[in-house]
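Hey, can you work out the whole structure from these sequences and the hints?
Each chain, letter by letter, is given below.
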Amino acid sequence: MAGDALIELRGVNKHYGALHVLKDIDLTVGRGEVVVVIGPSGSGKSTLCRAINRLETVESGTITLDGRPLPEEGRALARLRAEVGMVFQSFNLFAHKTVLANVMLAPMKVHKAKKDEAARRARELLDRVGLASQADKYPAQLSGGQQQRVAIARALAMDPKAMLFDEPTSALDPEMINEVLEVMRQLARDGMTMVVVTHEMGFARSAAHRVVFMADGCIVEDRTPEDFFTAPRSERAKDFLSKILKH
Amino acid sequence: MNVLLDNLSLYGQGLLGTVELTVYSSLLALVLGFLMAAFRVAPVGSLRAIGTVWVNVLRNTPLTLLFFAVVLGLPRFGLVLPFTLFAVLALGCYTSAFICEAVRSGINTVPTGQGEAARSLGMSFPQTLGDIVLPQAFRSVIPPIGSTLIALAKNSAIAGAFSVVELLGVYKPLSERGYSIIWTFVWIAVGYLLVTLTISALFHVLEKRYGVAR
Ligand SMILES: Nc1ncnc2c1ncn2[C@@H]1O[C@H](COP(=O)(O)OP(=O)(O)OP(=O)(O)O)[C@@H](O)[C@H]1O
Ligand SMILES: [Mg+2]
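Residue numbers (the UniProt record's numbering), protein chains in the order written: chain A, 1 to 247; chain B, 1 to 214.
Keep in mind that the hints were calculated from the coordinates and are not lab data. Each hint should be verified, as a subset may be incorrect.
Here are some chain A residues pointing at chain B (derived, C-beta under 8 Å) [what the hints assert, rightly or not]:
{"no.": "1", "residue": "Arg79"}
{"no.": "2", "residue": "Asn92"}
{"no.": "3", "residue": "His96"}
{"no.": "4", "residue": "Lys109"}
Taking lysine-lysine pairs in the DSBU-like style, the calculated list, with each CA pair at most 30 Å apart, reads [what the hints assert, rightly or not]:
{"no.": "5", "chain 1": "A", "residue 1": "Lys137", "chain 2": "B", "residue 2": "Lys154"}
{"no.": "6", "chain 1": "A", "residue 1": "Lys115", "chain 2": "A", "residue 2": "Lys137"}
{"no.": "7", "chain 1": "A", "residue 1": "Lys161", "chain 2": "A", "residue 2": "Lys114"}
{"no.": "8", "chain 1": "A", "residue 1": "Lys97", "chain 2": "A", "residue 2": "Lys115"}
{"no.": "9", "chain 1": "A", "residue 1": "Lys137", "chain 2": "A", "residue 2": "Lys114"}
{"no.": "10", "chain 1": "B", "residue 1": "Lys172", "chain 2": "A", "residue 2": "Lys97"}
Not everything, but these chain A residues come out facing chain B in the computed CB check (under 7 Å) [stated by the list, open to error]:
{"no.": "11", "residue": "Glu56"}
{"no.": "12", "residue": "Leu70"}
{"no.": "13", "residue": "Ala78"}
{"no.": "14", "residue": "Arg81"}
{"no.": "15", "residue": "Met86"}
{"no.": "16", "residue": "Met108"}
{"no.": "17", "residue": "Ala113"}
From the three backbone atoms N, C-alpha and C, an ideal C-beta is built for every residue, glycine too.
See the structure below:
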């Protein structure tokens with residue numbers, strides 16, 4: 001499945017003060033590949049995700065996107081960020097804008113899309129995530145699952161080459177988790193390159209090409225879902241799986 | 001007793017002077033204040049440093065001292081302006097430090113995820129600030145900006161000591177003409193009330209209009 005590399009991390013290190021959160025991370029995500037990142041709380045999964053989009057700086061190592069290293073700041077960084085969509089645990093929809101305006105905004109501001117063209121495309125994407133009828137509402141009027149689907153549509157509106165998901169369903173009530181996962185499964189089937197931090201093992205088994213297991217800032221295992229779930233190699237992974245699969 | 005009616009034009013000129021000082025200084029303070037607040041949260045270190053120095057120097061300097069610095073200092077560098085303009089500069093810059101801090105604390109009430117979402121979509125810093133953060137911060141900065149501008153209106157009295165025509169300065173010619181000091185000052189106070197209550201009312205309307213939470 002993995003063709004050429006789209007996202008590549010080499011020897012990435014990051015500290016928060018004395019805390020070494022990312023330790024010599026090497027990770028390659030091929031075009032069209034779906035990589036699920038799992039691991040105990042505090043192992044650095046969010047930091048890894050945010051570093052790929054450079055919402056966090058790293059101290060050493062290189063991160064390249066489609067062969068180009070991430071720029072430091074400014075316009076070049078903004079351009080590269082536009083090519084990677086990000087979906088947050090807490091949705092982060094723009095609270096003062098309608099659902100439609102949320103999806104239209106970045107294409108108009110960043111790609112200078114015309115208003116009616118941006119609106120047409122936004123409605124198309126909202127339809128794709130099953131929310132065409134909610135276009136004129138404000139985020140606070142939607143359920144968590146609906147907000148997260150809008151957030152996915154908003155990220156897709158920039159035609160990203162890859163999508164990062166940081167625990168997209170962790171803040172949701174159980175009955176809403178599936179509607180979001182279904183949208184993500186569809187995206188995966190359509191060939192989107194995805195890095196997904198999640199504890200949804202069902203999603204990992206059904207949609208992921210690889211599972212990356214992190215603990216204490218290191219990548220401990222990086223294997224296919226079948227291998228990982230049936231025969232984890234490390235003690236850490238065995239321990240972790242026994243805990244989360246219990247309930 | 002008839003100090004007001006006898007000297008209506010004097011009071012009028014004074015009031016007009018105070019209104020002018022207040023309006024122009026407010027505009028300068030708002031522009032500089034928002035700009036410095038943007039500097040203080042900018043991703044560029046040197047801009048943040050400029051913003052920090054600006055706020056700390058101006059906020060911690062007595063306003064009278066600032067007036068002296070502007071009125072006596074700037075002409076040394078060959079910048080000779082009408083006194084009113086000097087006064088607007090001093091008042092506007094001084095007040096901008098307080099506006100900046102009001103705006104910055106408003107920015108801090110907006111969840112960081114809002115800005116992160118905008119940046120992750122490829123929006124630049126000015127776009128993120130202007131389209132996402134400031135509109136959401138606006139609601140919470142209206143009341144403190146109102147208070148700051150009311151303080152500005154009252155601070156404008158200092159300009160009277162630097163030969164600028166304004167309301168407080170009206171007492172000098174009037175006491176020379178032998179009017180009761182008390183009534184002179186009562187009408188001056190009424191003049192200031194007019195200005196400050198107008199500002200209050202204006203910000204009350206703004207709050208009503210934009211203060212609704214979504
Ligand atoms: N801004 C920050 N400042 C200081 N420490 C931080 C910061 N963000 C995260 N950390 C710490 O870095 C470590 C890794 O955090 P990270 O959020 O990447 O973990 P995670 O694997 O995503 O955990 P979780 O499953 O709880 O989301 C944690 O110990 C966390 O406390
Ligand atoms: Mg996390």
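These are the hints, each one checked on the structure:
{"no.": "1", "hint": "Arg79", "verdict": "holds, 6 Å"}
{"no.": "2", "hint": "Asn92", "verdict": "holds, 4 Å"}
{"no.": "3", "hint": "His96", "verdict": "holds, 5 Å"}
{"no.": "4", "hint": "Lys109", "verdict": "holds, 5 Å"}
{"no.": "5", "hint": "A:Lys137 <-> B:Lys154", "verdict": "violated, 45 Å"}
{"no.": "6", "hint": "A:Lys115 <-> A:Lys137", "verdict": "holds, 19 Å"}
{"no.": "7", "hint": "A:Lys161 <-> A:Lys114", "verdict": "holds, 22 Å"}
{"no.": "8", "hint": "A:Lys97 <-> A:Lys115", "verdict": "holds, 15 Å"}
{"no.": "9", "hint": "A:Lys137 <-> A:Lys114", "verdict": "holds, 22 Å"}
{"no.": "10", "hint": "B:Lys172 <-> A:Lys97", "verdict": "violated, 55 Å"}
{"no.": "11", "hint": "Glu56", "verdict": "violated, 10 Å"}
{"no.": "12", "hint": "Leu70", "verdict": "violated, 13 Å"}
{"no.": "13", "hint": "Ala78", "verdict": "holds, 5 Å"}
{"no.": "14", "hint": "Arg81", "verdict": "holds, 5 Å"}
{"no.": "15", "hint": "Met86", "verdict": "holds, 4 Å"}
{"no.": "16", "hint": "Met108", "verdict": "violated, 10 Å"}
{"no.": "17", "hint": "Ala113", "verdict": "violated, 12 Å"}
Checked against the numbered hints listed earlier, the structure breaks hints 5, 10, 11, 12, 16, 17; every other hint is satisfied.
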